[in-house]
Amino acid sequence: MLTVERLSAWYDAAQILYDLSLEVRRGEVVALMGRNGAGKSTTLKAIMGLVARRRGAVCFNGEDISRRQPYEIARRGLGYTPEDRRIFADLTVMENLDVGRQAPRRFADGAPAPVWTPERLFTLFPNLAEMPHRLGARMSGGEQQMLAVARTLMGNPLLVLLDEPSEGIAPLIVEQMANTIVALKTEGLSILLSEQNIRFARLVSDRVYVLEKGQIRWHGTMAELADNHEVQRAYLTV
Amino acid sequence: MTLNALLFQALNGLSSASGLFFVAVGLSLIFGVSRIINIAHGSLYMLGTYIAYSFATHVGGGLGFWGGIVATAVLVGLIGGLIEILLLRRIYRAPELFQLLATFALVLVINDATLAIWGPEDLFGPRAPGLRGAVELLGRHLPSYDLFLGALGPVVLVILHMILARTRFGRLVRAATQDREMLGALGVNQTLLFTSVFALGAALAGFGGALQVAREPANLATDLTALGDAFVVVVVGGMGSITGAYLAAVIIAEVKAICIGLGTVDFGLFSLNFSKLTLVAEFLVMAVVLIARPYGLLGRAQATVRTIAEPEEPIRPASSSLTASAAVVFALLLALPWLARSSPYLLVLGIDVLIAVIFAVSLHFIAGPGGMHSFGHAAYFGLGAYGAALLVKWCGATMGLALIAAPLVALFGALMFGWFSVRLSGVYLAMLTLAFAQIVWATVFQWEALTGGSNGVIGIWPPPPFDQANTYFWLTLVLAVGAVLSLRRLLFAPFGYAMRAGRDSALRAEAIGIDVKRVHWLAFAIAGAVGGVAGGLFAFAKGSISPETIHVGRSIDGLVMVLLGGIQTLTGPVVGATVFAVLQDTVMRQTEYWRALLGGIILLLVLAFPGGIVGAVMRLVGKARAS
Chain X
1 MLTVERLSAW YDAAQILYDL SLEVRRGEVV ALMGRNGAGK STTLKAIMGL VARRRGAVCF
61 NGEDISRRQP YEIARRGLGY TPEDRRIFAD LTVMENLDVG RQAPRRFADG APAPVWTPER
121 LFTLFPNLAE MPHRLGARMS GGEQQMLAVA RTLMGNPLLV LLDEPSEGIA PLIVEQMANT
181 IVALKTEGLS ILLSEQNIRF ARLVSDRVYV LEKGQIRWHG TMAELADNHE VQRAYLTV
Chain H
1001 MTLNALLFQA LNGLSSASGL FFVAVGLSLI FGVSRIINIA HGSLYMLGTY IAYSFATHVG
1061 GGLGFWGGIV ATAVLVGLIG GLIEILLLRR IYRAPELFQL LATFALVLVI NDATLAIWGP
1121 EDLFGPRAPG LRGAVELLGR HLPSYDLFLG ALGPVVLVIL HMILARTRFG RLVRAATQDR
1181 EMLGALGVNQ TLLFTSVFAL GAALAGFGGA LQVAREPANL ATDLTALGDA FVVVVVGGMG
1241 SITGAYLAAV IIAEVKAICI GLGTVDFGLF SLNFSKLTLV AEFLVMAVVL IARPYGLLGR
1301 AQATVRTIAE PEEPIRPASS SLTASAAVVF ALLLALPWLA RSSPYLLVLG IDVLIAVIFA
1361 VSLHFIAGPG GMHSFGHAAY FGLGAYGAAL LVKWCGATMG LALIAAPLVA LFGALMFGWF
1421 SVRLSGVYLA MLTLAFAQIV WATVFQWEAL TGGSNGVIGI WPPPPFDQAN TYFWLTLVLA
1481 VGAVLSLRRL LFAPFGYAMR AGRDSALRAE AIGIDVKRVH WLAFAIAGAV GGVAGGLFAF
1541 AKGSISPETI HVGRSIDGLV MVLLGGIQTL TGPVVGATVF AVLQDTVMRQ TEYWRALLGG
1601 IILLLVLAFP GGIVGAVMRL VGKARAS
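Chains X and H are the protein sequences, given in the same order. Its first residue numbered 1, the first sequence is counted upward by one per residue in my numbering. Its first residue numbered 1001, the second sequence is counted upward by one per residue in my numbering.
Rather than coming from a laboratory, the hints here were simulated on the basis of the structure. Incorrect hints may have been included.
Label pairs and their in silico Cβ distance ranges [unchecked claim]:
#1 H:S1505 x X:V182: 38 to 46 Å
#2 H:G1400 x X:D90: 55 to 63 Å
#3 X:T237 x H:R1489: 50 to 58 Å
Some chain H residues near chain X, calculated using beta-carbon distances under 7 Å [claimed, not checked]:
#4 T1167
#5 R1171
#6 R1174
#7 A1175
#8 D1179
#9 M1182
#10 G1184
#11 A1185
#12 L1186
#13 G1187
#14 V1188
#15 N1189
Quick caveat: nothing in here was measured; it's all calculated off a predicted structure. Every residue gets a Cβ at the ideal spot worked out from N, C-alpha and C, and that includes glycine.
Only chain X is shown next, with the shape it has when bound in the complex:
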């Protein structure tokens, strides 16, 4: 579904990512793990075309997207939910959803991707259903996080890049978010998420890539990582 090969990225003159390769298969939830500053968010941004200077191949749904503009990438069915959510503060919940709206699409084999409407999203995120006309600026962090995910889903993506979905929100909502990710997986979506919290990652992911200093240090299944205390100690625990 998504193959990244030898991806490097720079902010100005500083290189952040070094020859990073990874893969997400259809229907899989993959976690990018690592400490603060390891390059998790930058990886997702670089895949999405949001880093000005990057090198390497990004292949999505059988097509090279490494030279595409962010909007072209989004229109090929790659959804992106940023770490800081970036809700349009002056727009209401419904308006935010409408901005994310795209036409339904199909997977490469012709199977239809899940189609999202505000009504369906409101059953997935009941909190949002209670405030369709609230301004983005007036929402709590957890509510904004839900809206950010819902807004991405409005584009009917095939794969979602989810940057730190558990960060800065209440424990109850973290649990809800984990359930949501599992639900999205059963719908047939693939997800690449960045995460620092191994407990959250364990709840949702199939496989893991561990990053440090912009390079992949380890990869394997979630179960393998859970047993590998050495890797956890070296790259994850604070």
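Following the hints, put chain H in place on chain X, whose structure we already have.
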């Protein structure tokens, strides 16, 4: 003045308010989405008046007039779309100052194109078919067309409001105003959105201009006056707020109308002619509003703008080769009076160039390392020039005294205006400095008793031994070298570091104990004083000074010089001022269409050599060394 008469003026003001609103709201929409201040917006308005004139006179009748107005709006909208596609699209990532200059270049080009197509005379359009009469109101006759215009403003406001609130296009516009990058990541093609918003804004300006055809003649000067009005309205109302734009348009139009209505009022001790205040009234309103509410009446502080322009390169101390070539140039200049004995004009040109260098270097000091893009540096040039000239005229001061006073007067003005200006940043600062410069200009222009009004001050010749071109040249040379070196020295002093730190990150600079506002205020004052030196020298070099030499054009010339040379280097403004002054004295005097020529040069500069001359040379040298 009776209450009735005041009410009547107030009603009259509403029709002007609509005109202001149409041109300002487009500017505001465009800025909201693209973060570009479209200086050419007034030109689109002016084009609207001319095109509507052609429709009204060539097609004629109700169709030619009313249909013409609609057709004009569409046509100007198309022109706007074309401008966005051909020019603006290439400079969205350029530094803000480049965007301002590129659109200013369009002003020059469009003005000359209009001159070429329609000629220099004012063109009077027909009166509006169906609305020729007048309505009797409060015992006076109000033209029904004015009444119609007054009502049209709120109608357009409501329609725009509906579009922004209820349509997907409107939602995308509002989303783009907040975070365009995120909008792109959601699959929205911004290119299309930007073009359509620009076209919509342009169409509104064209519509506003077209509606004026029945009230005022089409005139080549309306581009800058409409722009000035639109600036003030947008800034007073708050960038990006369309309701704010209407509110501000009403306030400003009313203040103007009431100033005219009041006429001369006797206050017992003195009498004040309020109708003379109209030129400054709107800028006074703007200055007051910006001081009380820095982001306009209904505007909000810009949330951290996600900057997409490249960060500034640090400036570096002069290399030994640069020092050596500077010494050679200085020696050559010292010897110029002997070298140029056969062509005395060369010395006059040399004086012009050196004055331009002082002016450009002082502007660069705050615009480059200070990051304050002043659009009103002419004010300090003017204060210096008039300070010196008036001292000679009224007090019989000597040239030495006058040349010492020039920077002091400019310093005083810069301290006063700078105190307000440094509280703002970005385009708001650009507009406030412009407003202050406009106030200086209008004061000079209208205070005839003191300044001689539009005739200016004449007969300011230097006494011996400076009455000779060569001695005056040396004097100018010494002052120019002194200005360049001392400003340079300041930039490499702790003060200069603090100033640059404040530019790059005001927050972080404050966190390490730098009083950023104070540092920038002092820098602004120093730049103003040095600009005053240039003004004083100018007055004695020409023997006279008049309001047009200190008009907004000089501020823009200064910016062009700085960018022409390259804003990121210290040699840039010197080279830029030299090239510009020489070009102005030679090429531009040869053609009637010098504005289009200058505009073309600026566009070429912005699109092809964004680093300016010095930047381009340095890149070439760097490449040669690397290979």
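Do the hints match the structure? See the list:
1. H:S1505 x X:V182: 38 to 46 Å: Distance hint for S1505 of chain H, V182 of chain X holds at roughly 43 Å.
2. H:G1400 x X:D90: 55 to 63 Å: At roughly 60 Å between Cβ atoms, D90 of chain X and G1400 of chain H fall inside 55 to 63 Å, so the hint holds.
3. X:T237 x H:R1489: 50 to 58 Å: holds (53 Å)
4. T1167: At about 10 Å, which exceeds the 7 Å cut-off, the nearest Cβ of chain X leaves the hint on T1167 of chain H violated.
5. R1171: holds (5 Å)
6. R1174: Interface hint status for R1174 of chain H: holds (6 Å vs cutoff 7 Å).
7. A1175: holds (5 Å)
8. D1179: For D1179 of chain H, the interface hint holds, since the closest Cβ of chain X sits about 6 Å away, which is under 7 Å.
9. M1182: holds (4 Å)
10. G1184: holds (4 Å)
11. A1185: Where the cut-off is 7 Å and the nearest Cβ of chain X is about 5 Å from A1185 of chain H, the hint holds.
12. L1186: Holds. Min distance 5 Å.
13. G1187: holds (3 Å)
14. V1188: holds (6 Å)
15. N1189: holds (5 Å)
The structure fails to meet hint 4 from the earlier list, while all remaining hints are met.
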